[in-house]
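Novice: Based on the sequences and whatever the hints tell you, model everything.
Single-letter residue listing:
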Amino acid sequence: MAFDFAAHEMSPHMAEWDEKEIFPVETMRKAAQLGFGGIYVQPEVGGSGLSRLDTSVIFEALSTGCVSTTAYISIHNMCNWMIDTFGNTEQREKFCPELCTMDKFASYCLTEPGSGSDAASLLTTAKLEGDHYILNGSKAFISGGGDTDVYIVMCRTGGKGPKGISCVVVEKDTPGLSFGKKEKKVGWNSQPTRAVILEDCHVPVTNRLGQEGQGFNIAMRGLNGGRINIASCSLGAAHACVQLARDHLLVRKQFGEALSNNQFLQFKLAEMATKLVASRLLLREAAVALQESRSDAVSLCSMAKLFVTDECFNICNQALQMHGGYGYLKDYAVQQFVRDIRVHQILEGTNEVMRMIIARSLLSESG
Amino acid sequence: MSPASVFVCLSLTLLSDYPVIRVKPDNSGVVTDGVKHSMNPFCEIAVEEAVKLKEKKFIKEVVAVSCGPTQVTETIRTALAMGCDRGIHVEVSGKDYEAMGPLQIAKIFAALAKKEEASLVILGKQAIDDDCNQTGQMTAALLDWPQGTFASEVTIDGEKVKVVREIDGGLETIKISMPAVLTADLRLNTPRYATLPNIMKAKKKKIANMKPADLGVDMVSRVEVLRVDEPPTRLAGVKVETVDDLVAKLKANGTI
Numbered sequence: 253m254a255f256d257f258a259a260h261e262m263s264p265h266m267a268e269w270d271e272k273e274i275f276p277v278e279t280m281r282k283a284a285q286l287g288f289g290g291i292y293v294q295p296e297v298g299g300s301g302l303s304r305l306d307t308s309v310i311f312e313a314l315s316t317g318c319v320s321t322t323a324y325i326s327i328h329n330m331c332n333w334m335i336d337t338f339g340n341t342e343q344r345e346k347f348c349p350e351l352c353t354m355d356k357f358a359s360y361c362l363t364e365p366g367s368g369s370d371a372a373s374l375l376t377t378a379k380l381e382g383d384h385y386i387l388n389g390s391k392a393f394i395s396g397g398g399d400t401d402v403y404i405v406m407c408r409t410g411g412k413g414p415k416g417i418s419c420v421v422v423e424k425d426t427p428g429l430s431f432g433k434k435e436k437k438v439g440w441n442s443q444p445t446r447a448v449i450l451e452d453c454h455v456p457v458t459n460r461l462g463q464e465g466q467g468f469n470i471a472m473r474g475l476n477g478g479r480i481n482i483a484s485c486s487l488g489a490a491h492a493c494v495q496l497a498r499d500h501l502l503v504r505k506q507f508g509e510a511l512s513n514n515q516f517l518q519f520k521l522a523e524m525a526t527k528l529v530a531s532r533l534l535l536r537e538a539a540v541a542l543q544e545s546r547s548d549a550v551s552l553c554s555m556a557k558l559f560v561t562d563e564c565f566n567i568c569n570q571a572l573q574m575h576g577g578y579g580y581l582k583d584y585a586v587q588q589f590v591r592d593i594r595v596h597q598i599l600e601g602t603n604e605v606m607r608m609i610i611a612r613s614l615l616s617e618s619g
Numbered sequence: 004m005s006p007a008s009v010f011v012c013l014s015l016t017l018l019s020d021y022p023v024i025r026v027k028p029d030n031s032g033v034v035t036d037g038v039k040h041s042m043n044p045f046c047e048i049a050v051e052e053a054v055k056l057k058e059k060k061f062i063k064e065v066v067a068v069s070c071g072p073t074q075v076t077e078t079i080r081t082a083l084a085m086g087c088d089r090g091i092h093v094e095v096s097g098k099d100y101e102a103m104g105p106l107q108i109a110k111i112f113a114a115l116a117k118k119e120e121a122s123l124v125i126l127g128k129q130a131i132d133d134d135c136n137q138t139g140q141m142t143a144a145l146l147d148w149p150q151g152t153f154a155s156e157v158t159i160d161g162e163k164v165k166v167v168r169e170i171d172g173g174l175e176t177i178k179i180s181m182p183a184v185l186t187a188d189l190r191l192n193t194p195r196y197a198t199l200p201n202i203m204k205a206k207k208k209k210i211a212n213m214k215p216a217d218l219g220v221d222m223v224s225r226v227e228v229l230r231v232d233e234p235p236t237r238l239a240g241v242k243v244e245t246v247d248d249l250v251a252k253l254k255a256n257g258t259i
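So the sequences go chain by chain: P and D. In this note's numbering, each number is its position in the first sequence, counted from 1, plus 252. In this note's numbering, each number is its position in the second sequence, counted from 1, plus 3.
In case anyone wonders, no lab produced these hints; they're calculated from the structure. Hints may contain errors.
In silico lysine to any residue, SDA-like type, Cα no more than 20 Å apart, as pairs [what the hints assert, rightly or not]: (1) D/K204 with P/P295; (2) D/K204 with P/M253; (3) D/K204 with P/T353; (4) D/K204 with P/A259; (5) D/K207 with P/E296; (6) P/K282 with D/Y196; (7) P/K282 with D/P200; (8) D/K39 with P/A259; (9) D/K206 with P/E296.
Specialist: Shown next, in the form of structure tokens:
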């Protein structure tokens with residue numbers, strides 16, 4: 253069903269959304285009607301209650317239609333899940349239903365100009381005054397920033413390091429919440445990216461998710477799933493690109509015959525397909541591990557994110573190469589897939605940070 | 004009295020955009036092993052219409068029915084996910100399935116419609132693999148019910164159904180009494196996507212299982228397929244220089 257939706261509702265518009273930088277609200281709400289707004293959020297607040305594996309399969313299918321939009325839908329899902337999992341009853345009932353239908357959209361704010369990979373060093377402060385926190389600071393590279401309604405902000409309520417971080421929900425139009433300019437990006441153009449600026453922004457204490465000091469833990473738990481989702485998007489793009497490359501090789505002729513008769517290209521296509529399947533299997537295993545809360549889940553999610561985003565980028569890049577000069581033209585979809593998934597090797601934790609996590613797990617006493 | 008139940012009869016066909024279909028080496032048929040199958044597109048339209056009628060409260064229950072091997076239950080599940088209430092799988096497999104044609108299927112559907120006291124039987128106008136366009140008509144004849152085929156618009160009006168039919172000359176509107184058989188044409192509606200929650204709910208809906216013998220239907224085919232051949236490969240064309248040459252050539256090969 254997701255494949256059909258991607259093919260009919262997303263694929264035809266993928267290029268236009270990229271070129272005109274349109275945030276496709278209508279199409280995303282259609283997706284939400286099918287249950288894609290809160291895929292792994294619990295049904296009692298409007299979610300679809302599915303597993304991480306189901307989610308990965310869905311995002312992979314949707315990405316064949318448009319990576320950038322699917323990636324945003326996955327971020328929205330992660331925010332929705334955070335409220336569903338760590339919020340109290342009032343918070344869940346207030347925010348989740350509208351996020352599930354996508355009547356409201358969400359953004360996730362962790363990264364700052366001064367803290368990317370070193371997320372625990374974030375500087376945005378939240379001073380408690382009566383029944384409000386006063387937030388001061390700025391967040392960078394926020395997907396959906398400026399166009400979304402609900403912002404999940406990680407901020408410092410306590411001392412230095414991860415234990416001083418809490419998670420609050422900031423609603424659009426709160427005084428003190430403003431945005432930077434819309435960034436001009438190489439890809440992911442169907443979602444606006446802006447800095448989120450907090451200047452004496454008053455947020456009620458009732459908007460805090462979980463306990464004070466629990467913020468970093470919430471962020472990391474959210475990222476495990478986020479990594480599976482982003483890797484799933486890379487997988488969908490690679491899947492689409494392998495099909496595009498194959499179709500092109502069958503049609504394009506040089507030296508008197510179709511490119512598909514060329515052994516080097518045959519071998520290259522075979523390698524691409526093999527790495528695609530290998531990536532898919534690793535990713536699904538990681539999704540299952542996360543669903544079952546296995547002890548190796550964090551490590552597996554990092555491995556999956558690292559391997560899948562790298563390999564799939566190479567696959568899409570190779571597919572572009574196989575198109576020759578045509579691959580470089582915006583008339584052909586393959587270049588958009590390449591541009592869109594390039595960033596997957598950077599966000600949700602750079603692939604370098606993934607290596608840090610995996611190494612730490614291997615070298616620790618219990619690992 | 005509002006109609007009680009509508010039967011939607013589904014067919015499982017070879018996937019419509021499958022690039023290459025091969026004829027079996029012994030010319031007895033087409034290779035179906037390993038070829039992706041899915042619900043016949045016209046049957047999807049039929050399901051959508053039935054579910055729409057239920058949503059408009061013209062009917063109480065929609066039952067999705069299909070004949071074939073175990074694979075067919077997946078098709079029934081898809082119909083359930085689109086909004087049908089329950090399913091019936093009439094199991095036909097092996098040699099019986101290969102020999103199964105519109106007449107056998109029509110006999111099964113007719114028997115079921117009578118047994119379950121259906122008020123409406125809706126089918127796709129034809130299956131895209133064999134393009135027979137007979138099952139609906141045969142079902143109606145066996146039941147001695149009126150038929151509204153090639154429907155592009157269906158409206159229920161009390162005990163009658165108004166059907167706008169697509170015919171060669173344009174559009175024909177007829178009014179038939181229920182119980183009746185309808186077959187869906189392309190422009191009747193646009194089938195909905197099954198939503199995730201409905202796909203989950205569909206897993207719990209009931210699909211009853213039965214055999215043609217339970218309905219007293221004999222599956223013996225009166226039709227024997229003698230041979231299946233691929234269409235002849237396209238011959239190269241011949242270029243001519245002048246109109247006179249063209250006329251001469253057409254005369255020579257007997258075309259004019």
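Novice: All the hints need checking, so say for each whether the structure fits it.
Specialist: Comparing the hints with the structure gives:
{"no.": "1", "hint": "D/K204 with P/P295", "in the structure": "holds, 12 Å"}
{"no.": "2", "hint": "D/K204 with P/M253", "in the structure": "holds, 15 Å"}
{"no.": "3", "hint": "D/K204 with P/T353", "in the structure": "holds, 19 Å"}
{"no.": "4", "hint": "D/K204 with P/A259", "in the structure": "violated, 25 Å"}
{"no.": "5", "hint": "D/K207 with P/E296", "in the structure": "holds, 18 Å"}
{"no.": "6", "hint": "P/K282 with D/Y196", "in the structure": "holds, 10 Å"}
{"no.": "7", "hint": "P/K282 with D/P200", "in the structure": "holds, 14 Å"}
{"no.": "8", "hint": "D/K39 with P/A259", "in the structure": "holds, 18 Å"}
{"no.": "9", "hint": "D/K206 with P/E296", "in the structure": "holds, 19 Å"}
Checked against the numbered hints listed earlier, the structure breaks hint 4 alone; every other hint is satisfied.
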